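For the protein sequence lines, the chains are U and L, in the order given.
Per the working numbering, the very first residue in the first sequence carries number 1; after that it's consecutive.
Per the working numbering, the very first residue in the second sequence carries number 1; after that it's consecutive.
These are calculated hints, taken from the structure and not from any lab test.
Source: prediction; values computed, not measured.
Now the stretches of chain U that chain L is said to cover, found in silico as 3 or more residues with beta-carbon under 8 angstroms:
#1 39-45
#2 51-60
Under the rule of at most 20 angstroms between Cα atoms (straight-line distance), these lysine to aspartate or glutamate pairs were calculated in the DMTMM-like manner:
#3 L/Lys139 to U/Glu20
#4 L/Lys55 to U/Glu54
#5 U/Lys38 to U/Glu27
#6 U/Lys64 to L/Glu3
#7 U/Lys64 to L/Glu32
#8 L/Lys111 to U/Glu54
#9 U/Lys67 to L/Glu5
#10 L/Lys129 to L/Asp68
#11 U/Lys67 to L/Asp11
#12 U/Lys67 to L/Asp47
Computed footprint of chain U on chain L; a stretch qualifies when at least three of its residues, placed anywhere within it, have a C-beta under 8 angstroms from a C-beta of chain U:
#13 5-15
#14 115-122
Glycine included, every Cβ here is placed at the ideal spot set by N, Cα and C.
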Amino acid sequence: MKHINDDNIDELMFQLLEGEITGIERENLLQAIQSDSKYLVLWNAWQNTVLQNEEIPFNVSNLKRKKTIIIPLYVKYAAAAILIFSVIILLNRDNLKQEDMVLLPPKIKTFTNPLPQIKKDSVYNSHLIRDTFVPLKEKVKYMAEEKSPTLESIIIEKNETPSEFNIVQLNKIDSTMLVNKTIEVKSLIKENEEEIFVSVSTEDKLNNAKDVKNKTNFLARLLGKSSIKIEPDYNTRTKRKIIFENKKYQIIAGF
Amino acid sequence: MTEKEYNTSVDLHAKALFRFIFKNLNVREDAENIVQDSFESLWLNKDKVEFSKSKSWLFTTGYRKMIDGIRKNKKIVEMPDVIKDKGNSTAQPDLKSIVNSALEKLPEIQKTVIMLRDYEGYDYAEIGKITNLNESQVKVYIFRARQTLKNYLVNLENII
Numbered sequence: 001m002k003h004i005n006d007d008n009i010d011e012l013m014f015q016l017l018e019g020e021i022t023g024i025e026r027e028n029l030l031q032a033i034q035s036d037s038k039y040l041v042l043w044n045a046w047q048n049t050v051l052q053n054e055e056i057p058f059n060v061s062n063l064k065r066k067k068t069i070i071i072p073l074y075v076k077y078a079a080a081a082i083l084i085f086s087v088i089i090l091l092n093r094d095n096l097k098q099e100d101m102v103l104l105p106p107k108i109k110t111f112t113n114p115l116p117q118i119k120k121d122s123v124y125n126s127h128l129i130r131d132t133f134v135p136l137k138e139k140v141k142y143m144a145e146e147k148s149p150t151l152e153s154i155i156i157e158k159n160e161t162p163s164e165f166n167i168v169q170l171n172k173i174d175s176t177m178l179v180n181k182t183i184e185v186k187s188l189i190k191e192n193e194e195e196i197f198v199s200v201s202t203e204d205k206l207n208n209a210k211d212v213k214n215k216t217n218f219l220a221r222l223l224g225k226s227s228i229k230i231e232p233d234y235n236t237r238t239k240r241k242i243i244f245e246n247k248k249y250q251i252i253a254g255f
Numbered sequence: 001m002t003e004k005e006y007n008t009s010v011d012l013h014a015k016a017l018f019r020f021i022f023k024n025l026n027v028r029e030d031a032e033n034i035v036q037d038s039f040e041s042l043w044l045n046k047d048k049v050e051f052s053k054s055k056s057w058l059f060t061t062g063y064r065k066m067i068d069g070i071r072k073n074k075k076i077v078e079m080p081d082v083i084k085d086k087g088n089s090t091a092q093p094d095l096k097s098i099v100n101s102a103l104e105k106l107p108e109i110q111k112t113v114i115m116l117r118d119y120e121g122y123d124y125a126e127i128g129k130i131t132n133l134n135e136s137q138v139k140v141y142i143f144r145a146r147q148t149l150k151n152y153l154v155n156l157e158n159i160i
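Could you build the full structure based on these sequences and the hints that come with them?
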């Protein structure tokens with residue numbers, strides 16, 4: 001072990017501080033320093049030469065790199081193509097729906113309270129049947145307010161009780177007749193010996209129904225019954241061009 | 001080095017590098033510029049620099065840029081002298097301020113090596129790489145720096 005003295009004190013303390021003296025040698029040296037107050041002051045001063053950690057505020061966010069996403073060129077073209085195809089498929093689907101539309105005959109409205117089955121022997125006996133029977137005035141009023149055509153016209157002559165003979169089914173109208181003709185359904189109702197005429201015109205509704213068939217929107221006309229073709233075109237990058245066409249229009253897309 | 005590793009390097013080393021440069025220059029704006037330049041340089045050389053060596057690379061680059069800046073501009077500003085002010089002030093300066101004040105009086109190279117040693121925990125060889133010195137030179141500079149600080153502190157204690 002080196003003997004500590006005024007000549008080597010700085011060197012030994014520096015080595016001690018830097019961790020170059022270890023083990024028993026270190027312990028002996030520390031003991032020697034502790035035993036001499038002059039050396040102890042010096043050793044404290046040496047220990048204070050070690051710089052203490054110090055935080056200085058500094059914003060590091062500006063130094064960081066932001067994430068960059070590089071999209072290859074072909075991805076853009078693929079995305080554009082997918083978008084175009086999606087739009088065309090959607091429009092065509094819409095168009096098909098309109099073409100497939102079939103004109104159905106107007107739905108026959110029925111009363112919520114159906115007419116009861118009238119039996120010959122029960123006509124005069126059953127008061128219940130009379131009670132459940134929809135009053136004639138209400139029925140007529142309902143038909144007039146709704147303005148809905150019924151295929152059945154009912155003429156009921158006012159008697160004391162309804163019978164199977166005073167319910168007359170005038171005709172059953174074919175749906176083709178509805179398209180081609182304007183039908184007036186008239187109900188003749190006699191009540192208290194006064195005649196009541198109810199007239200329901202179906203003309204407007206039928207005309208509207210015809211119009212629906214002919215009515216197609218602009219895009220449907222533009223893209224309706226279109227076909228898609230891919231043909232070579234050496235002026236484009238992909239050397240292909242896509243042609244969408246129908247009878248009236250032709251759209252050419254090249255990438 | 002990947003982008004993620006680069007950003008990790010920023011998190012790990014930017015503040016330390018800034019402290020090292022700022023303590024040497026004492027001009028915040030210049031220190032910020034040097035740190036910025038150092039990281040920009042790291043990004044440009046990200047393919048050559050391994051992540052594990054990024055700290056050493058940053059300090060080497062930062063140190064060289066700092067020396068270049070000092071030589072060009074001579075912008076080192078004297079820190080306020082705590083010792084001079086001591087007689088006029090009733091409050092006792094704390095030890096940290098006294099050491100910092102003493103640190104400012106050290107020659108540039110001694111200040112650099114002792115900061116790399118104490119703040120960053122580099123060994124002599126690593127400090128030698130950064131400052132372009134050999135290990136013996138580094139050790140001598142550190143010894144002289146500590147001895148100067150020690151004498152400063154001992155003298156101060158005698159005055160007090």
